[in-house]
Amino acid sequence: MEKAILSRINLKTLDTNIAYDYFETISDLIDTKEVQDLKKCSQHLATSRFQHSLNVSYYSFLICRKLGLDAYSAARAGLLHDLYYYDWKTNDKRPLEGNHAKIHPIIALENAKNITVTNPTIDDAILHHMWPLKTSHPNTSVGWIIQAVDKFCAITEMGHQSLFRASRSNNLLSYCILFTFLLTI
0 MEKAILSRIN LKTLDTNIAY DYFETISDLI DTKEVQDLKK CSQHLATSRF QHSLNVSYYS
60 FLICRKLGLD AYSAARAGLL HDLYYYDWKT NDKRPLEGNH AKIHPIIALE NAKNITVTNP
120 TIDDAILHHM WPLKTSHPNT SVGWIIQAVD KFCAITEMGH QSLFRASRSN NLLSYCILFT
180 FLLTI
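Sequential numbering from 0 applies to the sequence shown in numbering that gives the first Met the number 0.
In case anyone wonders, no lab produced these hints; they're calculated from the structure.
Take the hints with a grain of salt, since some may be wrong.
[Claimed, not checked] Below, a list of computed lysine to any residue pairs in the SDA-like style, where the Cα atoms sit at most 25 Å apart:
| # | residue 1 | residue 2 |
| --- | --- | --- |
| 1 | K39 | G67 |
| 2 | K39 | I62 |
| 3 | K38 | H136 |
| 4 | K101 | T117 |
[Stated by the list, open to error] Label pairs and their calculated CB-CB ranges:
| # | residue 1 | residue 2 | range |
| --- | --- | --- | --- |
| 5 | E109 | N16 | 17 to 23 Å |
| 6 | S26 | S47 | 16 to 22 Å |
| 7 | K38 | M157 | 16 to 22 Å |
| 8 | D36 | G67 | 22 to 28 Å |
| 9 | T134 | N9 | 33 to 39 Å |
All figures in this text were calculated on a predicted structure; none of them were measured in a lab.
By construction, the Cβ of each residue, glycine as well, lies at the ideal position given by its N, Cα and C atoms.
Please take these sequences and the hints and turn them into a complete structure.
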């Protein structure tokens, strides 16, 4: 664990109050085998599922903290919202039949409950983070924040990597295509 994408805060050194408070919230989860195994799973382009979950967790924690909401549940739900191990792009080793957008929140919640005690806020955020795709809407403020931050992080992770690739290329066409794409978001 180093930092969330686009963040200047190094979560490893715990040199700020925010980093310390965040780490205290997830310290019992972050080093578990189940969470660490997410590093082996690809999520968005070259972003691991671990990094994606850390991004969602950290930014949801910050937003909820700023709004006076349940930052504890937000951090934990964000870290656990994609706690599954099959390749969603190929459906290899999928434990349940059905649409990925619908079944992976169920699998993630079951896996989360196997490693920690959850609460109704965490359950809601994990189960409904794929809204409006195949699930009903969240019932809690934290759930709404998690689903929005999840989408923001997915777009940011893909955009950040695409921008990096284009910037390393001397191809003017790559820059133009990327710029046009970013304008449509």
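Earlier hints that do not hold, by number: 1, 2, 3, 5, 8
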